[in-house]
Amino acid sequence: MKNPPATAREILIVTIARLLHGTRHVAVGAASPIPAAGAMLARALAETAGEPRLRISILGSVKHNFFTNGSTELFDCAGQGRIDAFFLGGGQIDGAGNVNLIGVGAYPEMKVRWPGSFGSAYLYFTIPRVILFREEHTSRVMVEKVDFISAPGTSAEGVYRKGGPYALLTGRGLFMFDKDKPGFRLESLHPGQTLEQMHEATGFAFDHAEKPAETAPPDETTLALLRGRVLEELGETYPDFAAGFRTETLGVEPKEVTT
Amino acid sequence: MKNPPATAREILIVTIARLLHGTRHVAVGAASPIPAAGAMLARALAETAGEPRLRISILGSVKHNFFTNGSTELFDCAGQGRIDAFFLGGGQIDGAGNVNLIGVGAYPEMKVRWPGSFGSAYLYFTIPRVILFREEHTSRVMVEKVDFISAPGTSAEGVYRKGGPYALLTGRGLFMFDKDKPGFRLESLHPGQTLEQMHEATGFAFDHAEKPAETAPPDETTLALLRGRVLEELGETYPDFAAGFRTETLGVEPKEVTT
Amino acid sequence: MQDDLDRLAAHVKSGMRVAVPVDYGGVPMALTRRLITRGDVTDLHLICVPTGGLQVDMLIGAGMVTTVETSAVSLGEAGGAPRFNDAVRSGRIRILDATCPAIHAGLLAAQKAVPFMPIRGLLGSDIQANRADWQVMDNPLSEGADPIVLIPAIHPDVAVFHAPMADRAGNVWIGRRRELAAMAYAARTTLVTVERIVETDLMADELTAAGTLPALYVTDVALAERGAWPHGLWGNYDPDSTELRRYAAAAKTAAGFAAYMAETESEIA
Amino acid sequence: MQDDLDRLAAHVKSGMRVAVPVDYGGVPMALTRRLITRGDVTDLHLICVPTGGLQVDMLIGAGMVTTVETSAVSLGEAGGAPRFNDAVRSGRIRILDATCPAIHAGLLAAQKAVPFMPIRGLLGSDIQANRADWQVMDNPLSEGADPIVLIPAIHPDVAVFHAPMADRAGNVWIGRRRELAAMAYAARTTLVTVERIVETDLMADELTAAGTLPALYVTDVALAERGAWPHGLWGNYDPDSTELRRYAAAAKTAAGFAAYMAETESEIA
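Protein chains in written order, with the working numbering: chain Y, 1 to 259; chain P, 260 to 518; chain H, 519 to 787; chain F, 788 to 1056.
The set of hints was computed from the structure by calculation and includes no laboratory data. Treat the hints with care, as some may be off.
[Claimed, not checked] In silico contact screen, one side only, chain F against chain P (beta carbon under 8 Å); selected entries: (1) S858; (2) A859; (3) G908; (4) M924; (5) R964; (6) E1030.
[To be verified] Pairs of lysine-lysine residues, derived as DSBU-like cross-links and limited to a Cα-Cα distance of at most 30 Å, are as follows: (7) Y:K162 to Y:K145; (8) F:K1039 to P:K370; (9) P:K438 to P:K421; (10) Y:K181 to Y:K211; (11) H:K531 to P:K421; (12) P:K470 to P:K438; (13) Y:K181 to Y:K162; (14) Y:K162 to Y:K211; (15) P:K404 to P:K440; (16) Y:K162 to Y:K63; (17) Y:K111 to H:K770; (18) F:K1039 to Y:K162.
Even for Gly, the Cβ is constructed at its ideal location relative to N, Cα and C.
Construct all of the structure, not just a fragment, from the sequences and the given hints.
Shown next, in the form of structure tokens:
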């Protein structure tokens, strides 16, 4: 029996694993099962390929917590250059890679207030591969200019900056960030997406090939690894997510990607 | 049977206990049994008098170690104003309260090199009652001007300074520091010492009464406390010192103070 | 009748700067509810170390807060913090938005008794642009221009948190959650509630001592079983997500918040 | 035959900045003797965290050291450090005299990835006067003049220490001796010798995790029983004061030092 084809979620996880290739230490936010799954898949793939071990820190988790110096250690560790990749979301993300986690409208008495900037204004400066990850890709999220810069995408010459945006991954596609431009270039459209839809859903201009590639689905080995070992590892930290994932993948009302 | 009178060492310990009266937290260097004994006596006296508890941190000791954040915590704690008193020695001490823990001669290739300044250049600025304690009182120790300032006795106006010299206690007598002058004033001569001897042994000028007082011996209760409970507590950290002390006090070749 | 929680609560006075922990790091909810029930404190300046949750939302809902300095306030999986969001939108509280390591840096400056700590990052953010108290200067150790932000020391009047255990001498076991120690080092008064009080000396055994905040920094301790509920306490119990969601739904309006507080008060206080 | 100590020693190269611990804080003497026996390293810059003892004296005696940055070097109860004192007096080594919290501040700056840390005190001392690398500036957050010293970040190439135990994953239990963690955070490479290697996961139990330096910061670990001897190791064994005094007496001269080293070499190496 052949495996069912990759779901939309699996495409995201596999894409994240690709973006993490070659990293040694990845930090993942507390409630981020898809980035965590991507990191776990990257770790499993690295192990299979005999590459150096990938360390995954999941913030707020006791089991995947490599830290013993309180909540400041993540930031110290990032500053020391010991974290290669991290994920940032964003209530708004603009074409210059600026991220807004504060709210909509004029600061401070905003129309909509979100929780706050967390560590973004530091980690965006210190971690080389920051992957902007937001499943919702609409023109209210992907805006021309954010209402508030929690963390800027680029910095003026002379400003100490070791890190920044590396890629933007959404439910519609994958963009890579070009810090010299600065701006995003569409790398691939997820299966089922069109360039026209992408333009419509995106408030900022972006570079793209005339006919953008489609985000590649995983090969059989990778998919097996994801649905086996990785799903099991994921279940230890995100039991609800893993259970839902299993249902989705193995058949009840499958929201499968049409490839 | 009446207790034998106080020895020279006991006079030092009792004087230290007096200087510590009213403090809440005293830090003592690693190899400083006499200051430690003074602090333990002050603690016992405070307890007897129903005064607030005196905390004693003995550096390098496991048992009397109130710290759990590594060797930086003593300094942080002092900076926070949580340590009221501390003891400093000094290869040289001068009349301005400057302390030299580095050596004799021209720095850096000195004629005599001592270990180094340890934390003096910080603790002298942050702990209100720093007691300069050195049993040897000769003109090679008590100099007009130190060859190297490990820690200055006073600071220029506008310099952040919460602490500094409070008293100078030696084998010959007790001085109090006047930071406005700045300089030392002889408070009392230990039993058997004369003002003339004191001038001869001291390289710096100091204020004094025409007929300086004699350092007061302890009363019977204090002496009993010292020879009982305090000596027992001291033995837990400084067994050799406590044993020697016991011998000295209880009779074999007693070096008693003639009162 | 006055009990241990009242004795702790009495240290908190109107106008004070109160440091509170992150939602998974030992939130003293029982003490917070007691403060609200007593009703004698207003004008608090909360410092979230480095983010806040239910505790912050409730204190704001109860009208006890004037200023919040934080990197975020939310109810985690249960969504946004309704009373916080409402108060910010309406301008009823002053918000000092920060980023996590900047709050840690401010506390560290207080711990080290220095006026400021330098920090990388932040430049070009609107966080920085809105913090007049943070200064930018050129790194004096660099030859070229090298702008860097200085975070002034944060000196809380009071730090409050909940921990697994304390001993009779007031030593508190905090394990790896060393930001709780950082709060205590920086604060003038530190109030701790614990799940249990042990009869051993936490400092006597090197294994427990390694995770212990010494009594030296602890003003007072009170027993409060399940004292972080409905937040969780690491190694002891998980967050009660049903209760957090129940609160999130109720507190969408001021009236709903009041009803929730009246209804659940007796359970705890 | 190459063994684990050789593998560790091979990380230390001529010209490196090596951070070493205080004499009661886990001194890797077995590793130090191995470095001396190998004899292939010179021109070391030692950073004592914050003071040094026998280890520093031996490395200087062996001619492997060019610079010592320290708040003190002594053999404690056994007296002054003879090879250190002689080398300073004769100008054979460069001495960077510091004060304990300044060394901690420099390491903390590296830990925090900032170029400097401010520190109080020091002004008016000859320590400050002789450190061209330390800068004085006026506190920019103060209205009046408020001079303050800036200590540049200290970035050791290697940190070395001895600890009670490590697990198979390379997590190291340091207990309360958190300056060992500070050294590791600041250093590029961290080499640890331990009394024993345990089969449990030190990070899995919150009690041991609280005193553990994570493997993340540990480059390599080697077993070395009584690896701090003749220094002591807290909770394990006391200093061997007879041996320290024997060394102190022998090392008064260069020849005496050489004889001592030749004679005791085979015991350890």
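The hints, checked one at a time:
no. : hint              : result
1   : S858              : holds, 5 Å
2   : A859              : holds, 3 Å
3   : G908              : holds, 4 Å
4   : M924              : violated, 13 Å
5   : R964              : holds, 6 Å
6   : E1030             : violated, 17 Å
7   : Y:K162 to Y:K145  : holds, 23 Å
8   : F:K1039 to P:K370 : holds, 15 Å
9   : P:K438 to P:K421  : holds, 12 Å
10  : Y:K181 to Y:K211  : holds, 21 Å
11  : H:K531 to P:K421  : holds, 28 Å
12  : P:K470 to P:K438  : holds, 23 Å
13  : Y:K181 to Y:K162  : holds, 17 Å
14  : Y:K162 to Y:K211  : violated, 33 Å
15  : P:K404 to P:K440  : holds, 16 Å
16  : Y:K162 to Y:K63   : holds, 29 Å
17  : Y:K111 to H:K770  : holds, 15 Å
18  : F:K1039 to Y:K162 : violated, 50 Å
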